[in-house]
Amino acid sequence: MVVPAFADDAAGLLRTAMRSRGMTCYLEPKFLYNSKMAQAVVPPDFAVPFGKARVRREGKDLTVLAYGTPVHFALEAAEKLEKEGKSVEVVDLRSLSPLDTEAIVASVKKTHRCLVAHEDKVFGGFGGELAALVGEQCFAWLDAPVARVGSEFTPVGFNRILERATLPNTAKVLEAMRKVLAF
Amino acid sequence: MSLDTPTLVRAAINALAAEQAAGTGDHATMPMAQPRKPGKEDLAGMYRLMHLGRVLDDKAPNYLKQAIGWSYHAPSAGHDGIQLALGLSFRPGLDYLFPYYRDMTTCLAAGLTPEEIILNGISKKTDAASGGRHMSNHFAKPAIGIQNVSSLTGNHTQHAAGLGRAVKHYQSRAIVYCSQGESSLSEGYCYEAIVGADKERLPVVFVVQDNGYGISVPKRDQAANEFLCDNFKGLPNLRILKCDGLDVLDSLAAMDEAIAHVASGAGPAMVYATCVRIGSHSNSDKHEWYRDEAELAAAKAADPLPRFRAHCLANGLTEAELKAIETANAAEYDAASTRAIQAPDPEGASIHDFVLPEPWVGERYPDGLHQEKGTPISFITALNQTLKEEFRHNPDTFIWGQDMANKEKGGIFNVSKGMQQEFGEGRVFNAPSPRTSSSARRTASPVSTTRSGSWWRAPSSPTTSGPPPSRSWRPATSTGGPMASSVPTSRSAWHRGATSAAASTTRRTSKPG
Chain Z
1 MVVPAFADDA
11 AGLLRTAMRS
21 RGMTCYLEPK
31 FLYNSKMAQA
41 VVPPDFAVPF
51 GKARVRREGK
61 DLTVLAYGTP
71 VHFALEAAEK
81 LEKEGKSVEV
91 VDLRSLSPLD
101 TEAIVASVKK
111 THRCLVAHED
121 KVFGGFGGEL
131 AALVGEQCFA
141 WLDAPVARVG
151 SEFTPVGFNR
161 ILERATLPNT
171 AKVLEAMRKV
181 LAF
Chain X
1 MSLDTPTLVR
11 AAINALAAEQ
21 AAGTGDHATM
31 PMAQPRKPGK
41 EDLAGMYRLM
51 HLGRVLDDKA
61 PNYLKQAIGW
71 SYHAPSAGHD
81 GIQLALGLSF
91 RPGLDYLFPY
101 YRDMTTCLAA
111 GLTPEEIILN
121 GISKKTDAAS
131 GGRHMSNHFA
141 KPAIGIQNVS
151 SLTGNHTQHA
161 AGLGRAVKHY
171 QSRAIVYCSQ
181 GESSLSEGYC
191 YEAIVGADKE
201 RLPVVFVVQD
211 NGYGISVPKR
221 DQAANEFLCD
231 NFKGLPNLRI
241 LKCDGLDVLD
251 SLAAMDEAIA
261 HVASGAGPAM
271 VYATCVRIGS
281 HSNSDKHEWY
291 RDEAELAAAK
301 AADPLPRFRA
311 HCLANGLTEA
321 ELKAIETANA
331 AEYDAASTRA
341 IQAPDPEGAS
351 IHDFVLPEPW
361 VGERYPDGLH
371 QEKGTPISFI
381 TALNQTLKEE
391 FRHNPDTFIW
401 GQDMANKEKG
411 GIFNVSKGMQ
421 QEFGEGRVFN
431 APSPRTSSSA
441 RRTASPVSTT
451 RSGSWWRAPS
461 SPTTSGPPPS
471 RSWRPATSTG
481 GPMASSVPTS
491 RSAWHRGATS
501 AAASTTRRTS
511 KPG
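Quick note, the sequences are listed as chains Z and X, same order.
The numbers in our numbering rise by one with no breaks, and the one at position 114 of the first sequence is 114.
The numbers in our numbering rise by one with no breaks, and the one at position 188 of the second sequence is 188.
Misleading hints may appear alongside valid ones.
Pairs of lysine-lysine residues, derived as DSSO-like cross-links and limited to a Cα-Cα distance of at most 27 Å, are as follows [what the hints assert, rightly or not]: (1) K172(Z) <-> K110(Z); (2) K36(Z) <-> K388(X); (3) K36(Z) <-> K373(X); (4) K409(X) <-> K388(X); (5) K36(Z) <-> K417(X).
Derived DEER-like restraints, expressed as beta-carbon distance ranges [unchecked claim]: (6) I161(Z) <-> N406(X): 29 to 37 Å; (7) A143(X) <-> A144(Z): 52 to 60 Å; (8) S216(X) <-> K179(Z): 55 to 63 Å.
FYI, nobody ran anything at the bench for these hints, they're computed from the structure.
Note that the Cβ used here is the ideal one computed from N, Cα and C, for glycine as well.
The whole structure should be built from the sequences, with the hints applied where relevant.
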């Protein structure tokens with residue numbers, strides 16, 4: 001189960017999926033198809049192994065675990081917080097199953113705070129799994145409860161106002177980051 | 001590096017090449033559509049199988065009563081004629097058979113031993129279907145081409161149609177058999193599969209066993225037609241043959257005609273066999289609650305086994321010879337049952353085996369990181385470029401789905417743009433409907449790719465959540481084929497981003513196996 005957020009990972013994960021045995025569920029964030037922020041240099045024959053997260057931005061005060069489009073929200077929000085003197089690490093999971101538990105744990109033990117950002121519903125979403133994992137494996141290192149930001153518990157309405165109210169965005173991720181940092 | 005493990009299709013092609021060289025095993029060389037007149041030896045062999053199937057069918061409930069297993073058993077009694085005919089038509093190691101859960105006699109006649117039947121029934125480690133992972137009465141033996149992929153009624157029509165596409169693409173003479181009950185024809189995915197097979201003239205024989213009920217639901221609640229095959233009468237390439245499923249010779253004649261039609265390349269066939277259900281739907285059902293005594297007596301009176309026994313007696317076999325067969329069958333059953341009960345059980349620790357299939361591991365980018373400099377490209381360009389590179393790299397790749405390719409159009413978002421021009425219509429093609437991606441799941445190759453379907457999660461869930469586990473975990477093998485199913489997610493692209501009309505797409509790669 002893989003979810004790329006950048007063009008290079010889109011290519012690399014697709015190559016691995018097409019060469020691997022068995023089924024790969026490849027989630028394509030169509031919002032990113034022609035988005036400038038998802039553009040990347042793609043090296044020849046690039047391949048991304050399953051179960052390898054990628055630290056898209058290094059930081060020391062807070063770890064954001066994200067995949068798909070919210071990786072970009074997290075990067076934008078981290079940029080803003082840097083101006084306020086806060087250093088945020090953004091871990092792009094890229095692969096949900098297998099999951100790079102090692103990279104997640106290493107990052108949280110370093111920053112002592114964790115926010116999960118995804119487009120999934122917060123209630124019953126995959127972030128609950130991530131929060132539990134961090135709680136179980138990093139409890140003694142945490143300075144704040146693991147927080148989550150994602151979609152509201154309701155279907156996505158077609159009107160843009162309804163859509164915006166439901167889905168996460170950079171402002172919502174920024175607000176969630178601030179809350180975890182302020183705890 | 002290309003995928004080097006032979007697929008079942010390739011194995012079958014190789015087996016076929018050997019058979020063709022030897023001048024045997026080819027349906028095209030058989031006299032076609034001639035009613036069979038089996039000799040005494042043939043009749044004896046057929047009676048042995050039909051009787052042995054019944055012995056197993058009658059004994060199966062005992063294992064549950066003794067708390068040994070077989071907690072799901074759907075009796076085959078009353079379907080014996082068509083099941084024997086279907087099993088005998090199947091050529092082990094060459095053809096493919098997708099049976100349903102009532103097909104015990106089919107599987108016995110197709111090449112499973114009584115011991116293998118019981119090993120599946122009581123969920124042993126050595127069960128050829130799944131090592132005890134799949135339900136009982138879900139018989140399979142992938143080594144000879146018998147697959148049992150899903151318990152969802154009629155779901156395997158899709159696998160059969162997809163595999164038929166593979167057989168056709170690789171120019172094999174194999175025939176794909178798919179068997180199901182009449183009520184499962186009401187499933188939407190059966191329509192997709194049968195219409196798709198008709199459209200592409202795929203070498204699939206759909207065998208429909210009509211016993212009048214879907215569990216307790218009478219046939220009249222399924223459709224207005226008395227014979228549900230008539231729902232498919234408008235399909236131009238599908239040959240529909242009705243037969244008496246109680247009568248093995250009539251069923252064999254229908255099978256022969258179906259096979260001749262399919263082998264000619266004219267299209268798929270549907271053999272619609274009228275049966276009776278002598279028992280309940282399964283051991284979870286109690287048919288006395290909805291069938292009266294007269295109906296049950298009539299079903300019992302129509303039992304194919306004594307009917308065929310009488311035919312054998314009238315055509316050269318003696319009472320003593322039939323008795324000898326029955327005695328030998330009872331002994332064979334006893335020996336098989338003893339061995340099966342003593343067979344090893346699966347170990348609890350094995351539950352984690354084959355959950356995630358072995359991924360391909362490249363050497364160049366061990367962590368999936370790089371420091372490449374150059375011109376950035378968009379996400380969609382990266383997808384299109386990589387698809388093309390992989391299609392050049394591996395000729396056994398396919399991509400299909402709704403709106404895949406039509407002249408300059410290449411997918412709803414142009415992800416597959418230019419692919420049909422470069423790789424041809426044999427590898428890049430439209431599927432008949434948004435959801436028929438799933439109908440071609442078992443497609444033509446080691447790797448195939450599908451783009452389709454906005455509504456992957458809900459309406460298609462039987463086809464997406466049913467079969468994939470069956471591809472590696474349930475058969476307890478690591479041989480599940482490559483299959484990348486991509487589901488565009490996230491924010492409504494109806495408003496943004498896309499220059500073309502927006503929808504979502506699914507990509508899926510698959511191989512027969």
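To see whether the hints hold, each was checked on the structure:
Simply put, K172(Z) and K110(Z) have alpha-carbon atoms about 24 Å apart, close enough for the 27 Å limit, and the pair holds. Only pairs whose Cα atoms come within 27 Å are accepted, and K36(Z) paired with K388(X) is accepted, the gap being roughly 22 Å. The suggested pairing of K36(Z) with K373(X) holds, with an alpha-carbon distance near 17 Å, which does not exceed 27 Å. Between the alpha carbons of K409(X) and K388(X) the distance comes to roughly 16 Å, so the proposed pair stays at or under 27 Å and holds.
Restraint check for K36(Z) and K417(X): the C-alpha separation of about 20 Å stays at or below 27 Å, so the hint holds. Distance hint check for I161(Z) and N406(X): the Cβ-Cβ separation is about 36 Å, which falls inside the suggested range of 29 to 37 Å. Between A143(X) and A144(Z) the beta carbons are some 56 Å apart, a value that agrees with the proposed interval 52 to 60 Å. A hinted range of 55 to 63 Å for the beta carbons of S216(X) and K179(Z) is consistent with their spacing of about 56 Å.
Of the numbered hints given earlier, the model fails none.
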